[in-house]
Structure formats: structure tokens, C-alpha cells
Amino acid sequence: MRAVHVWIAAGVLLVGSYLSLGIGAASSVGVADLFPPTADEWHILATSRIPRLMAILMAGASLSVAGLIMQRITANRFVSPSTSGTVEAAVLGILIATMLFSSTSLVVKMLIAIVTAIAGTMVFLQMLQRIQHREGIVVALVGLMYGGVLAAITTFVAYQRDMVQYLDIWTTGSFSGILEGRYEPLYIVLLVGVIGYLFADRFTVIGMGESFATNLGLNYQRILYIGLVVVSVMAAVVVVVVGAIPFLGLIVPNVVTLLLGDNVKKVLPLTALAGAGFVLACDVVGRTAIYPYELPVATIAGGIGGVVFIWLIMRSAKGASV
Amino acid sequence: MISVRDITHRYDKQVVLDEVGLTLPVGQLTSIVGANGAGKSTLLSVISRLIKPERGTVFIDDLDVQTAGADAISRRLAVLRQDNRITARLSVVDLVRFGRFPYSKGRLTPEDHVVVDEALDYLDLQPLRDRYLDQLSGGQRQRAYIAMILAQDTDYILLDEPLNNLDMKHSSSMMTLLRRAADDLGKTIVLVLHDINFASCFSDHIVAMRDGKVVVQGTPAEIMQRETLREVFDMDIHVQDLNGMRLGIFWTTGAPVGPLPLAGQPETDGSPGQAQDEQAAEFAWRA
Numbered sequence: 097m098r099a100v101h102v103w104i105a106a107g108v109l110l111v112g113s114y115l116s117l118g119i120g121a122a123s124s125v126g127v128a129d130l131f132p133p134t135a136d137e138w139h140i141l142a143t144s145r146i147p148r149l150m151a152i153l154m155a156g157a158s159l160s161v162a163g164l165i166m167q168r169i170t171a172n173r174f175v176s177p178s179t180s181g182t183v184e185a186a187v188l189g190i191l192i193a194t195m196l197f198s199s200t201s202l203v204v205k206m207l208i209a210i211v212t213a214i215a216g217t218m219v220f221l222q223m224l225q226r227i228q229h230r231e232g233i234v235v236a237l238v239g240l241m242y243g244g245v246l247a248a249i250t251t252f253v254a255y256q257r258d259m260v261q262y263l264d265i266w267t268t269g270s271f272s273g274i275l276e277g278r279y280e281p282l283y284i285v286l287l288v289g290v291i292g293y294l295f296a297d298r299f300t301v302i303g304m305g306e307s308f309a310t311n312l313g314l315n316y317q318r319i320l321y322i323g324l325v326v327v328s329v330m331a332a333v334v335v336v337v338v339g340a341i342p343f344l345g346l347i348v349p350n351v352v353t354l355l356l357g358d359n360v361k362k363v364l365p366l367t368a369l370a371g372a373g374f375v376l377a378c379d380v381v382g383r384t385a386i387y388p389y390e391l392p393v394a395t396i397a398g399g400i401g402g403v404v405f406i407w408l409i410m411r412s413a414k415g416a417s418v
Numbered sequence: 398m399i400s401v402r403d404i405t406h407r408y409d410k411q412v413v414l415d416e417v418g419l420t421l422p423v424g425q426l427t428s429i430v431g432a433n434g435a436g437k438s439t440l441l442s443v444i445s446r447l448i449k450p451e452r453g454t455v456f457i458d459d460l461d462v463q464t465a466g467a468d469a470i471s472r473r474l475a476v477l478r479q480d481n482r483i484t485a486r487l488s489v490v491d492l493v494r495f496g497r498f499p500y501s502k503g504r505l506t507p508e509d510h511v512v513v514d515e516a517l518d519y520l521d522l523q524p525l526r527d528r529y530l531d532q533l534s535g536g537q538r539q540r541a542y543i544a545m546i547l548a549q550d551t552d553y554i555l556l557d558e559p560l561n562n563l564d565m566k567h568s569s570s571m572m573t574l575l576r577r578a579a580d581d582l583g584k585t586i587v588l589v590l591h592d593i594n595f596a597s598c599f600s601d602h603i604v605a606m607r608d609g610k611v612v613v614q615g616t617p618a619e620i621m622q623r624e625t626l627r628e629v630f631d632m633d634i635h636v637q638d639l640n641g642m643r644l645g646i647f648w649t650t651g652a653p654v655g656p657l658p659l660a661g662q663p664e665t666d667g668s669p670g671q672a673q674d675e676q677a678a679e680f681a682w683r684a
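Chains A and B, in that order, are what the protein sequence lines are.
Here my numbering is used: the first residue of the first sequence is 97, the next is one more, and so on.
Here my numbering is used: the first residue of the second sequence is 398, the next is one more, and so on.
Hints listed in this document are in silico derivations from the structure and should not be mistaken for laboratory results.
Just so you know, not all the hints are guaranteed correct.
[As the list claims (entries may be wrong)] Sample of chain A residues at the chain B side, in silico, Cβ under 8 Å:
| id | residue |
| --- | --- |
| 1 | 101 |
| 2 | 104 |
| 3 | 251 |
| 4 | 297 |
| 5 | 301 |
[Said to hold, decoys possible] Residues from chain B shown here face chain A by an in silico Cβ test under 7 Å; the list is partial:
| id | residue |
| --- | --- |
| 6 | 412 |
| 7 | 423 |
| 8 | 465 |
| 9 | 467 |
| 10 | 471 |
| 11 | 476 |
| 12 | 483 |
| 13 | 485 |
| 14 | 491 |
| 15 | 498 |
[Unchecked claim] Ranges of calculated distance between the beta carbons of each label pair, as one might list FRET restraints:
| id | chain 1 | residue 1 | chain 2 | residue 2 | range |
| --- | --- | --- | --- | --- | --- |
| 16 | B | 398 | A | 104 | 51 to 57 Å |
| 17 | B | 510 | A | 278 | 47 to 53 Å |
| 18 | A | 226 | B | 601 | 50 to 56 Å |
| 19 | B | 510 | A | 407 | 36 to 42 Å |
| 20 | B | 532 | A | 409 | 19 to 25 Å |
| 21 | A | 115 | B | 463 | 55 to 61 Å |
| 22 | B | 528 | A | 107 | 27 to 33 Å |
| 23 | B | 532 | A | 104 | 21 to 27 Å |
| 24 | B | 552 | A | 104 | 56 to 62 Å |
Where a beta carbon is used, it is the ideal one built from N, C-alpha and C, also for glycine.
Given the sequences, and given the hints that come with them, work out the whole structure.
Structural data, given as C-alpha cells:
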């Protein structure tokens, strides 16, 4: 079985995760202090570094899995939460929540962001069903433009209410604000991820097209909307807690499926691990590049992701299967 | 038994199926023939609940295909359309395993694996089982789809132009395989075919359509008549009996009794009398 890939990846990620706990602004706690930590050191680990690590792993895994599911149910490699308006709709939702309720809890923001993310993605899927050439990069262009329109609306509203400075927090993902007590809603993505895994085969089947799905006894539209909800919840929760991490949901599943094929059930675990590992690596670079200051993870991931995205487009333009 | 009752369907304003009523026998191989736009594919899609018709009902045994759950029907009837374009990079064996989805819902039992292996054997796909679909030729891909349909192991199998993309050898072995599935396994098979000679040689029953209506149906012997074919295809097709096989010579109008054979070298074999007469005619014409 191919599970061997998964175990190796999990092992590497585990070691990397552990070592990453030794990095942080409090230079008194380094890698050497992890074996074992003293009470003071443990305090720093428990309130800051472990929450940050968990947030990194869950955000990376869930955005990548969201991209994987989205690419399969739309049968298009260039669809992902950040290229289909999902993230922008979630940001708009957070803005609305912040405007409506002055002292908004994370949970209320999250619920509203989930609703707007679902609505925004549904509009995108409706557009997609009206596009003639559903394969290839036309879909990605439409998604990026649509996301641009949503972002423009968000910025306009924020200007009116003098809230532009907040937008950066949600659109530029960063783990620097993650502390114990301020990230726990992120655990929802684990639950949603399990639901995604249980539906993995159904997502693969509807990715074969409506007539194949119907033939195999599935209600195409129903599975499509279940996928849509799974993806939107994952993306919205991450945006609320961490902020947007551009291209993550696009490049990680693309690279993994390039190696292992598109059977969602087979590639989902490795996609999750690879996504978590990629974000961890980006975050470590962000934390060490200009130490003791930090670069937001979105900056690093966006830079690398953009280059890989261009490579994927060039590759598909050369006639490789899209 | 498949019973089609009073089906009418339109695309925009164009009537594609016009009050079609039909009963298809169990355990037999039925071919639907007709010109492009006659409504064959639409009829097949309506029977297999891929298209909801404007009016009318279809029953598979006791199941109304529009109201019975998609799931219940998927264990009774399998359908393959002609324009399949799976963009996912799936391996052949993965695809065929999805044929077991109506039973296993993705958790394959040992019996499921046996059925999958049989289907791969049947279509000679074992050497290609781990290849991705996008690495296959059109014909190999078509065979992979058919293997998935066979793995679905349904009593009824509906295929829209299954010979699409297949070369002569694979077309003939595909038809032989489908014939065997009807004879040995008692499957009810309904095909949309373009080649009337494949329909004639392999079917028990032929349904001929034109302009959204069933013009005529019957055994190959009944359908493969010059007058009948003219009515269906609006073509003058000479029908030749070859040891009980009824063959339509459709490549040239009315051949081989047209005015002249195609230009070229004189024939040296074949029936002496007629060939010589025709040669004489040709030389006379050249002179």
C-alpha cells in the first residue's frame, strides 16, 4: 500500500513540529531546552508555542484539504478557496460581523464568516456551471476576478466605516497573535476534515461528471453542496483565526496529486500533512529571517505559492493534463 | 423488462422524443439505430434517468426510474454515455473499483475485489490496471469505462455508442463480449449503434428511430430490408444475405447494383457473370 508515504511524511512533520517549538521571541527557550522543559519554560510552551504550532498545523492541513476537495468536485485544478471568492467572502463576513456587533466574540465572527463564505462560493459554483470551458485556467481567472470584486466591496465598506486597518489582519494570515485561549475554535476544522474524509469517495465520483455520478447512484447536486459547505467552513474558520494564506489550497493539492493521482481518499491524508508541513516551514522562515521580528506567514507562502502557481499554469499551457 | 411509456422530450422548442412507447425484452441484446438527431441518445438517457423527460414514464421491472432512488436503480441498471471526459487522474483499477460503489460505498469487500478483477480480465485490462486514464489511448479508455460498467454487475446495461474510439478488432471483440454477457449471464443489454451491420449481426432485437419516433422494431431479419432501411435512414442500402447474416452495403448508394463499379483495375475474382458484364460496360464507357 501507499500508506508508507503517509507514515514517512507524518514522521518528518512530527520531528519538524517538535523542533519548531524551540523557535520564538523568548530566546531563553531554545531547542536544547525542550528535553525536558522546566516549569517556566513549559509555561511559554503551553501558552504560546504549542498553540501556535497547533494553529499552524491545522490551518495548513485544512486549507490544503479544502483546495483538494474543491478541485475534485469542480473537476478543475485551478480552483481553490483563494481563487474562487471563498476567502474574500469570508473576510466580508468578518467585516460585517465586526460592524454589526461592537464587541464581537470569535465564535460570532466565525459563524457569520461561514455563512458568507458558503454564499460566496455558491455564487462562484453557479458561474462555473454557466462557463463553457470548465477545464483550464479560464475558471481560475473568473475566480480571481470574482474574488477581486468581493475584495473591492469589502474595502469600500471598510472605508465608509473607517475600518481599513482591520482588513490587513484578516487578509494577511499570520500566527504571531496566536496564544492560548485565542485559537481554540480552529479545532472545528478537525471535525470538518473527518467529514471530508468520509465523503472522499463521493467527491471523487462527482468529479467524474454528473452522468457517472448518477449512474453510480449519487445525487450530484447534493454531494456538490456538501463539498461546498465542507470547504467553506474550513476556509472561513482559518480566515477568522489566522487570516488568509494565499495559494496554499491551490499549490499543495496540485503537487500532491501530481505525484499520487486524484483519488481523494488516497491523497487526502498526505495533502493534509504536506499542507501542514509547508505552512510550518513558511512560518519558521518568517520567524527566523529577520529575528527577533516576524514576517507574516502569508507573505512567505504567497511568494512561494505565486511562483508555483505560475509554474502550474505554464505546465498546463504546454499541454500536460489539466 | 424496460417499459417506456409515452415519452415526450424537447430541447428548447425542438421535439427530440415524440410520444415514444416501447417495451424492451429481458435477457436480450437490443440495438437502437437511426440517423444523427433521431433521438437515440436522448431515449437512452431518459431510460437511464440521466435526463428527466417532459412527459412520460420509464419502468425498469417494478421501479419507476424518476421516483425510485438513484441508489436503488444503480444496482439494477448501469449506463455509459458516449461523451465521457474524466479529467481526474485516476488509475484504471481505481475507476473499475468505483463500479462497485453502489454496493460497497467505497469500502470494498473481498467479493468486490473479485468482481473488479473479473471485469479487468474480461476487457483485457490487467496489463494496464495501474495506468492513469490520461495515459491511455481513446480505445483503452473506452474499455476501462466499460469494465467499470461491468463491475457494477447490473441486470440492465445501457451503452451509448460503445464502439466509439474502438478499432475493428476491439469493436468486434466488444460486441462478442456483450453478446456473451447476454447469453451466458442473462444480462439485458441496450446499445445505441451507428453501424447497422454490427446491429444486425449481434442483436436479438433492433429498434429503428427517426425524428424522435420509433419507426419500426423487430428482429435483424425484419429490419435489414432495403425498403425498411430506406424508411429509417433515407438511404438506398443494398442488403446481402451471407450465411444467414444480413449485411447492409451502405458505403456506396445502392451498391453493388449501381451503374458502374469504381474505376480502376478490372475485377479478377467474384461472381463471373456479373463482373464480366460490368467490365464490359466500363470498357464500353471508356471507349
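Hint check results:
1. 101: At 16 Å from the nearest chain B Cβ, residue 101 of chain A fails the 8 Å test, so the hint is violated.
2. 104: For residue 104 of chain A, the interface hint is violated, since the closest Cβ of chain B sits about 21 Å away, which is over 8 Å.
3. 251: 35 Å, violated
4. 297: 4 Å, holds
5. 301: Interface hint status for residue 301 of chain A: holds (6 Å vs cutoff 8 Å).
6. 412: Status violated, d = 23 Å.
7. 423: Violated, about 20 Å.
8. 465: 11 Å, violated
9. 467: Cβ of residue 467 of chain B sits 5 Å from chain A, so the hint holds.
10. 471: 3 Å, holds
11. 476: Hint on residue 476 of chain B: holds, closest Cβ of chain A at ~5 Å, below 7 Å.
12. 483: Because about 5 Å separates residue 483 of chain B from the closest Cβ in chain A, which is inside the 7 Å limit, the hint holds.
13. 485: 4 Å, holds
14. 491: Constraint on residue 491 of chain B satisfied, holds at 5 Å.
15. 498: 5 Å, holds
16. B:398 <-> A:104: 51 to 57 Å: Holds: the Cβ-Cβ distance is about 55 Å, inside 51 to 57 Å.
17. B:510 <-> A:278: 47 to 53 Å: 49 Å, holds
18. A:226 <-> B:601: 50 to 56 Å: With a Cβ separation near 43 Å, residue 226 of chain A and residue 601 of chain B fall outside 50 to 56 Å, so the hint is violated.
19. B:510 <-> A:407: 36 to 42 Å: 38 Å, holds
20. B:532 <-> A:409: 19 to 25 Å: 22 Å, holds
21. A:115 <-> B:463: 55 to 61 Å: Given a distance of about 60 Å, which is inside 55 to 61 Å, the answer is holds.
22. B:528 <-> A:107: 27 to 33 Å: Given range 27 to 33 Å: holds, Cβ gap about 30 Å.
23. B:532 <-> A:104: 21 to 27 Å: 26 Å, holds
24. B:552 <-> A:104: 56 to 62 Å: Check failed, 46 Å falls outside 56 to 62 Å.
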